[in-house]
Amino acid sequence: MQRILNALLQFRNPILYFFLLGLSIAFSFNQSPFHQYTIEKYGFYFSAKIYEIKDGLSHYFNLKKVNQQLLEENKQLKSRELTSPLIPLYPEALEKPKRFPFKVKKANVLKNSFNNQRNFLTLDMGSKQGIQPEMGVISKNGIVGVVHSVTPNYSNVISLLHQDLKINVRTNKSPAFGSLVWSGKDPTKFLIEDVVSNANISVGDTIVTGGMSSYFPLGIPVGKVTKLEKIQGSGYYSIEASLLNDLSQVYYVYILENIDFQELQSLKKKLPQ
Amino acid sequence: MKSFPLVSVVSFVVLVLAQVMVFNHLHVFKTINPIIYLLFFVFYRFESNQTILIALSFLLGFSIDLLSQSGGAHTIATLTIGFIRPFIIRYAFGNTMETPQSYFSDNRILNKLIYLVLLVLLHQLLYFTIVFYSIDALYHIVKNTLLTSIISLILMGITISFYPTKK
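Protein sequence lines correspond, in order, to chains A and B.
Under the numbering used here, the first residue of the first sequence is numbered 1, with each subsequent residue one higher.
Under the numbering used here, the first residue of the second sequence is numbered 274, with each subsequent residue one higher.
Keep in mind the hints are simulated off the structure, nothing from the lab.
Among these hints, one or two may not hold up.
Restricting the straight-line Cα-Cα distance to at most 25 Å, the calculated cross-link-like pairs of lysine-lysine (DSS-like) are [to be verified]:
1) A:189 with B:416
2) B:303 with A:140
3) A:75 with A:185
4) B:303 with A:54
5) A:128 with A:103
6) A:65 with B:303
7) A:189 with B:303
8) A:64 with A:106
9) B:303 with B:416
10) B:416 with A:64
11) B:385 with A:224
12) A:185 with B:416
13) B:303 with A:185
14) A:103 with A:75
15) A:41 with A:105
16) A:173 with A:105
Stretch by stretch, here's where chain B covers chain A in the computed footprint (C-beta under 8 Å, at least three residues) [stated by the list, open to error]:
17) 114-121
18) 195-208
Every residue, glycine too, gets a C-beta built ideally from N, C-alpha and C.
Extracted from the complex, chain B is given alone in its bound form (with noise of 0.2 Å):
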């Protein structure tokens, strides 16, 4: 087992601030909240621990609900994502090349922005299907998770872009 990085602990803390504290107060087109906290699955490296990982993405929905009082969407959204990440990375990176060992040493952009895509798609499909939770409430669920993923998208990638790659 690999020892546990830093670099998870601070992300995780950095980033549940950053979508309490301004994500959640965005209001882009008056209804729509970007998602920034699923960078914590882009800073996990992917060779690291499963299990740990399936507890972490627990804590941090947990920790989204609790501070946004939400019911538990983003609990049972941001645990499932951390389950299927690795079927996500199988998916995005190929399963016959060598999985890179992070998001930040591969150098691949198409296989990177499927990843992301999938990851935010995903998501935010789970969470607005709990949120409304009827099928009445289909269009709102499919309008409500495009606009979000592609807005989430574009903060995200913003993001990233600042974090330095080492070549």
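Okay, chain A solo, but in the shape it has when bound (with noise of 0.2 Å):
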């Protein structure tokens, strides 16, 4: 017994070593889904505290750079006002009155990362203000991500350069539609998977959400087609896509709450499983 005493003691640097190392493991690879949401939510609280002090001083110095983007983006949307459908200039576009069953909230972004393989935004608005996990989230240029989970005053974003995020999209031109991914390296580089290879497409073609989801309308601009080819003998593309959006550059974005969500999810538990 004392021996074996002895040999704990003298060997109890690699022990620890081998122990900890073993619990860091299977916290990072293992991750069930209540330790993985409980140590979430904890490290997520104290985050965004820390992350809203320092915000409070990064927004100042920002503001000259805010200021012009807001100006470029009310000129965008007095152009789409113009041209706009809803508008009596084209009046037979009221003739079919089509439904966009989606709400928007403007909210800031505290936290953004984007190097690493699995990436998260953290924004200033929570369950308070009415955000709800399973949302999306689009800025200006494009699609940011869909809200992951929710505190009283914070939120958690899946941003787009995350690897297991899958978003429904299709090209402007043709309507077969795939799902982009990313691959997980470049944060401007992303793939799109599932595209059968008889669909119209070619390179520069716009990419548009493809509105199969219940995160995203149709027709929101995500990407370009950059490089095209044909895998042999499986009938499908693959395809290369670069962002709009330049995702180290978002700092405040707009979240689409789906009113139909609940009515959606309703139904998708009545399919036979």
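Put the two chains together into one complex, using the hints given.
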């Protein structure tokens, strides 16, 4: 017994090291949803508090830049308003009323990461302001991500730069759809999977959201096709795309609340499993 | 056992806050976040308790991971550096010479530089290996390791030069 104790004391450093190493590996590679959620919630609470202080300072220094961006955005909105089919310049557009089941909310970005393989954003709006998980998040140039978890005053968004996030997309010309995924290496390079090879797609086409998920409506511009290849013998395209949005320069975002979310969910539950 | 020095606790807290609040937002060349919290292994005296260091390095990596919401790569990399620090010290400051009591009680610049470079390079290599975790990303691992290490070393060198050395 004495010998065992002596041996344990003598090798206490390696034992401690391998114990803690096992613990951290278990945490990072094999997180159970419960642990993941609880740890994330506490870490998220503290980091949001810290980032709020930092954000107060940095927003002040960014004011000039943000003003420029706002002006630019206003300009674009103005031009869109003028050409909008809702204005009776195009009276025939009003004949078919189209339902748009989304409400738009504005939020500031407190923290934005883009150099991990799984990136998240922190926003300064939470469940008190009506933010719920699984809402889509866009910025002025395209989509940013999907809300992952919320606390009363903050919310956590899965960035588009997250390996496990897939977004339903199509091009502006062809109705064939696929899923947009990040390859995990270069923050500007994205892949589009599952597009059948008889679709009419060419390099330079604009990629827009497909509208087949409850996160985003149809037609929000996402990126451009940069490389197109047919995979031999599979019947699918291999497509590379670049984003219109620079995800490192996102300071404020718009959150899309799907009014029909509950309805869609209940419909999904009725499907035979 | 030597009494636990206050400077370790203070440097721990200050370094974590500095890393999370300032250095995680520098984005040098758009994608590089310099690492400053490794200075903890400089401020922690060479002669102090190794078991406590391993526990502390785990805590250090864990706090960084928690506050920057990364998956656990900081924890594994920092814990490993804490464990192999005696070997790094022995390699950098020599086996036959008497090893100094702390980083600041030594005057040999080359040895100190080797110590810092080994610390940062090994840490970054481990970190990015865990982050990318695939052989396809070898180029990205090496590129990120080298670039981040160089920038971090410059910043750490500047920080150390502000610290008063006892002669």
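Here's how the hints hold up against the structure:
1. A:189 with B:416: holds, 17 Å
2. B:303 with A:140: With Cα atoms ~20 Å apart, residue 303 of chain B and residue 140 of chain A stay inside 25 Å; holds.
3. A:75 with A:185: Judged against 25 Å, a Cα distance of about 34 Å means the pair is violated.
4. B:303 with A:54: holds, 19 Å
5. A:128 with A:103: It holds: about 16 Å lies between the C-alpha atoms, which stays within 25 Å.
6. A:65 with B:303: holds, 17 Å
7. A:189 with B:303: OK: residue 189 of chain A and residue 303 of chain B at ~15 Å, within 25 Å.
8. A:64 with A:106: holds, 19 Å
9. B:303 with B:416: Holds, because 14 Å separates the two Cα atoms, which is no more than 25 Å.
10. B:416 with A:64: Violated - the C-alpha atoms of residue 64 of chain A and residue 416 of chain B are around 34 Å apart, more than 25 Å.
11. B:385 with A:224: Violated, at about 50 Å.
12. A:185 with B:416: Given pair residue 185 of chain A, residue 416 of chain B holds - Cα atoms ~12 Å apart, limit 25 Å.
13. B:303 with A:185: Between residue 303 of chain B and residue 185 of chain A the Cα gap is close to 14 Å, so the pair holds against 25 Å.
14. A:103 with A:75: This hinted pair holds, its Cα atoms lying about 22 Å apart.
15. A:41 with A:105: holds, 23 Å
16. A:173 with A:105: Measuring from Cα to Cα gives roughly 30 Å; hence the hint is violated.
17. 114-121: holds (count 6)
18. 195-208: Answer violated; 0 residues pass the 8 Å Cβ test.
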